[in-house]
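A.B. asks: Use the sequences and the hints to build the structure in full.
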Amino acid sequence: MQLPPALHARLAGAPGEAEPLPVERDPAAGTTPFRFAARQVRFPREHEFFEDGDVQRHLYLQDVLTQVAGDPERPRVPEFTCQVAGCCQVFDALEDFEHHYHTLHRNVCSFCKRAFPSGHLLDTHILEWHDSLFQILAERQDMYQCLVEGCTEKFRTSRDRKEHLVTRHLYPADFRFDKPRKSKGPATPGPAVQVSAEALGGDQVPSEGDAMEVCFEHTELPPEPSGERRTYGHRCITRI
Amino acid sequence: MWSRRQRRLRPLSCGVEELRCRRREREAALRKARREQQLVSKRLLRDEDPEKAEGYVAVILGEAEIQQFLRLAQRGTEEKEREKALVSLRRGLQHPETQQAFIRLEGSIRTLVGLLTSNQALLQLEAARCLHELSHSEQSTVAEACLPATSYLLTYLSGHSSDFIELCLYTLGNLIVESEAVRRQLLPQGIVPALAACIQSPHLTVLEALGYALSQLLQAKEAPEKIIPSVLGSPLPQHMLQLLQPGPKLNLGVAVEFAWCLHYIICSQVNNALLITHGALSTLGLLLLDLAGAVQRTEDAGLELLACPVLRCLSNLLTEAAVEAVGEQMQLRDERVVAALFILLQFFLQKQPSLLPEGLWLLNNLTANSPSFCTSLLSLDLIEPLLQLLSVSNVVSVLVLTVVCNIAEKGPAYCQRLWPGPLLPSLLDTLAFSDTEVVGQSLELLQLLFLYQPGAVQAFLQQSGLQALQRHEEVAQLQDRVRALQQTAQHG
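Respectively, the protein sequence lines represent chains F and Z. The opening residue of the first sequence carries number 1 in the numbering used here; numbering runs sequentially from there. The opening residue of the second sequence carries number 1 in the numbering used here; numbering runs sequentially from there.
Incorrect hints may have been included.
As the list claims (entries may be wrong) - With a Cα cut of at most 27 Å, we get these calculated DSSO-like pairs of lysine-lysine:
1) K351/Z / K249/Z
2) K32/Z / K351/Z
3) K351/Z / K154/F
4) K113/F / K80/Z
5) K221/Z / K32/Z
As the list claims (entries may be wrong) - Derived contacts from chain F toward chain Z, CB cut-off under 7 Å, selection only:
6) P15
7) D26
8) P27
9) A38
10) P44
11) A93
12) K113
13) H120
14) D123
15) V148
Keep in mind that the hints were calculated from the coordinates and are not lab data. All C-beta atoms in this analysis are idealised placements derived from N, C-alpha and C, irrespective of residue type, glycine included.
C.D. replies: What follows is the structure, encoded as structure tokens:
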């Protein structure tokens, strides 16, 4: 297919539309037995017109198309230590360090040192655990915000919120990032309370807003084979 | 310019012929799947140790071994030991039989989810990789076993560790195509807002993965009713268009994914007017120009992967009534688009002829109602190159003739510019085709030429046009038009 040489220049040139030649139609055009009428065409999703392009797209997804050679990402570097105070993890690859840093040091509560997977969860935690004003307001209005981004519902207690997460958002009942605080009074900044929820048995008398965590943990856990009764939730780092 | 991330692929140990054969088989399978409306593909993100890569064969693990690895990962005293256990598990999970054994083992997913949400960063990463292997399985039972992890995968999308987020996104993308049941869980869990938050990431790897996951979501059967409305209501469309804007920051891998996302949205016809008000037409038009420029500069593999969805989006958007309603800036009137399109058609002819119909479809939609674009084709001398496509295939020929009809039907001023030149000889050639659609379209064009171009009839007669018509006199779909033309030719 031979393209006129001026075409490339036109592409590189200024934007603009052509001044149209005068249009003058004869009513006999396209009349029976002829049927041509200039019209735009639209194709819906599943139309077979798209078959070839769709197949190419999926070949690409399956990585058969462009055989780019595997690249040596993950260059090894001389060992180095995480510089955050108190942390002595050693790394020999930058990506490993990046993930470590973001998981353990990025969204850390300055009051209780717990780490969270996102800024959003950290903010919610600080509000609910370390803000005495929150506690006061929570007595009178719905303050417990739904954890799902984009959902604006608020609840009176963290138990109600959990209920909402389970029924409305299909979250697991033992969602690790929604453990209500075991309140023993107003929030106190300070070292982490390493509560082993399973160690404490039975119900607690419902107090301001929480204490249902124990029930949930117990009732929802299916019986584990003996090799698996590990309470990994109790590093307590990722609770709300 | 156009940056491109290298795909992480294992170097293959088979030969070129085997590759071609494998590709033909895959293509056939995909065509069949598409006809049955079951076209799904999963993406595997495997980060192979390049030293071990050659000829590595996944080991089949039994339930006992799996349990041992899991226990070691949970309870081992040495961190390195725990990591190694998970790595071994992950390698085993590359094999379907290990996957089956894994899901049969009670509590295995629970343990894996526990490791996924633990405070040990590298264990987390390995656990996520194990989940990813499972998500890639073609067995529904295996993929669906990953469901308990989805709320966590979504939570982690708001984090900051780009490798981890990328992995979560590809895993989610694989799960999304698995079944409507999976999507019925993911939607209330907030996947759309989670993706909307994540699209602001500066990392190209994250963006490409996000585009992939989103494209899978949008391709779902129930997407037009259940998914696309909420996507359109989120900030996603504006960000998608931004990521498609040409410029030094445009990344091919990322752009491909989001162009396909846009295509699925647009061809579902839910609310294309909204996209037009966000400037989709001008963004995509500029992208088309950029593509044509790139195609001239480099032999880059994969530009057609982006060209295809861009052409489709433009073609479908042009048919929207909303186009007339927006200001001129938002419309598509720049004649450089025509220049770009022809450069791409030439590229397709060499690299991917199956895309010619799609390019010509856009050309039809540009020219059908636009005297300006028709004039551009004439003034840029594009009729002759267009006619050169006539021998490629029947589908292409019909489209080429349709575009020429679009021009001819606008009257004598246009036909005059189509004449003389190669048009008549080309038409006489197409009259010799046996395909009735091609011949039919040629007859339509002839009627227009006879009507608007003085001298066309004589030239036709002189070049034995009547003989060319004769062979179609008995064809049902063509005879009325053939006779009408014979009459016009003979009696003027």
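A.B. asks: Hints broken by the structure, by number, lowest first?
C.D. replies: 3, 8, 11, 12 and 14
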